[in-house]
Amino acid sequence: MAMTITEKIFAKASGKRNVQPGENVWLNVDILMTHDVCGPPTIEIWKKEFGKKARIWDKDKLVVMPDHFIFMENVSAKRNIEVLRSFAAEHELPHYYDPGSERYRGVCHIALAEEGFNLPGTVLFGTDSHTCTSSAFGMFATGIGNTDAAFILGTGKIWEKVPASIKFSLHGLMPPYLMAKDVILHILGDIRTDGATYCMAEFDGDAIHELPMDERMTLTNMAIEMGAMSGIIAADEQTVNYLQNRTKRSYEILYSDAGAAYYRTLNYKIDEMVPAVAQPHSPDRRELVRTLSGRKVTKCYIGSCTGGKITDFRAAAKILHGKQAVVPTFIVPATCTITDLLSVEKYDEMTLRNIFENSGCTIVQPSCAACLGGTEDTIGRACDNDVVISTTNRNFPGRMGSKHSEVYLASALTVAASAVQGSIADPRELF
Amino acid sequence: MRTLITGTAYVLGDHIDTDQIIPAEHLVYSLTDPEESKKYGMYALSAVPIAQAGLPDGNIPFVKEGEYHSMYQIIIGGINFGCGSSREHAPFALQKAGVRAIIAESYARIFYRNCVDGGFLLPYESTGRLLDRIATGDLLELHLTTHILINHTSGDSFQLKNPDDVLPIIDAGGLFEYARKSGMI
Ligand code: SF4
Chain A
1 MAMTITEKIF AKASGKRNVQ PGENVWLNVD ILMTHDVCGP PTIEIWKKEF
51 GKKARIWDKD KLVVMPDHFI FMENVSAKRN IEVLRSFAAE HELPHYYDPG
101 SERYRGVCHI ALAEEGFNLP GTVLFGTDSH TCTSSAFGMF ATGIGNTDAA
151 FILGTGKIWE KVPASIKFSL HGLMPPYLMA KDVILHILGD IRTDGATYCM
201 AEFDGDAIHE LPMDERMTLT NMAIEMGAMS GIIAADEQTV NYLQNRTKRS
251 YEILYSDAGA AYYRTLNYKI DEMVPAVAQP HSPDRRELVR TLSGRKVTKC
301 YIGSCTGGKI TDFRAAAKIL HGKQAVVPTF IVPATCTITD LLSVEKYDEM
351 TLRNIFENSG CTIVQPSCAA CLGGTEDTIG RACDNDVVIS TTNRNFPGRM
401 GSKHSEVYLA SALTVAASAV QGSIADPREL F
Chain P
432 MRTLITGTAY VLGDHIDTDQ IIPAEHLVYS LTDPEESKKY GMYALSAVPI
482 AQAGLPDGNI PFVKEGEYHS MYQIIIGGIN FGCGSSREHA PFALQKAGVR
532 AIIAESYARI FYRNCVDGGF LLPYESTGRL LDRIATGDLL ELHLTTHILI
582 NHTSGDSFQL KNPDDVLPII DAGGLFEYAR KSGMI
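Chains A and P, in that order, give the protein sequences. Per our numbering, the first sequence starts with residue 1, numbered consecutively. Per our numbering, the second sequence starts with residue 432, numbered consecutively.
Derived from the structure by calculation, the hints contain no laboratory data. All residues carry an ideal CB built from backbone N, CA and C; glycine is no exception. Nothing false has been slipped in among the hints.
Here chain P is said to cover these stretches of chain A; the calculated rule only asks that three of the stretch's residues, wherever they fall, bring their Cβ under 8 angstroms from a Cβ of chain P:
id : stretch
1  : 68-76
2  : 194-204
3  : 367-379
4  : 390-403
Use the sequences and the hints to build the structure in full.
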């Protein structure tokens, strides 16, 4: 029976030969990831439900990465980290990344990749909706709530309905003024925020395999924004190269069969696409940057798991080099590794860090920061009447702070160009 | 097992996301401390734009200023209810505010799972659009064996979708109860 890559992973993880969309199966989980917002309640449920029998099913498969409410003074936020810290100490967890220590890594979805936990053919669940990011590595990764996570923590198992797949076939070479963020915003504008509900989004085509892992993660990260269970990209040589020196765990590269059945197939030519934004207050409110060009902004934000990767900062630096940001502009690397790279990588003989500092940007410590608003003292948070252009993934009302602010989503190139102009700007004009 | 839920309707539109259900700034309260967790009820649905809060007229706060409970027990929604983050705080906040069931055209997967697996409230799918047929404040009766919703204010009744494949978990009262009953744990 011909199967999609997703069906093959489901079959493997449930110990079956074949699975069909719509079937409910119990999966054996390879990695469970949690963070500071959902970790503490997950632990509480696990303690309460398993009582004296509470055991972590496999410590080597549990990854705890605090990243959301870091570097802020809020008492409750600090308490959450304290809970994780003592849990990790009590159980001698090998994969706990303590904030304030050398081990702290930053935003979990990117740190999971950097630390080698994303492995082709495996199954990863996380207490965060953007866990789908990891599926860029040819694996099945998706978000769950605390109860499901507590169940995995004790049993290593979870029920899941086998999803039907929607195939997005991408062709052509990425033009220099375009990024994966533009591609996914175009797709979202077509399929809308519920267009892939209960489905898997599979990205394929020659364009995909030209993209670096960073850019692939931008696509899979926003699969949840179309309601998909996850996005998936089959592993290739780039994936294998990325994993080299990052992991000693074994993995298996799986591909969709030629005759596999898809719920829908959509084709895109990315070389014909132009820069796009999502208008307030939904990621599917696509408009071309050119059409909105000149609309005033009050803040620019380059960060998060989808838009704070090194490729995003390389792109932004190209635009900001030798120019001034005329509105407050925040550079928020997703992880510590990326922060370090800002001082190493150069564009036109100047480090990215120097370029950003010279153009008047504020460089923020790596964490989720204002991507989800955070507490009042979060740097870069949207205030009343702010009009923000941001590389993040969600612009729901109040998502970045004030309910009385507006957020436009765009690529790092478009955000950097807008920072220079003080208004929404097409990066093609600044090249 | 319960067979009947009666309550007053609170009607919302499409794409009600988890940030509208419980904004991120409130996610820091304890879910288990009885005093602190009351705040989840207080801020449930607090970020729904006021014009869309309590349709068809809007401008009806779900929870009155300073209170911990809502006067409404059954939420009517459109498509893609609960989209956004994985926060289980969302169905929890609704439960804290006193909600017992949601009837929407479709749900975002994680929110739906959280309602069922956490045993917080019943997520029913309607067979058509109910937004235009039910008004905030209508008196509703939800029959859990026949999956029929009766609107006593208008006299209408609606057949809802049978949540068959998750019914065993719903009946048990959540994933853990289900697993214990079936001998998994
Ligand atoms: S960076 Fe934003 S989207 Fe990513 S995990 Fe953090 S809060 Fe969520």
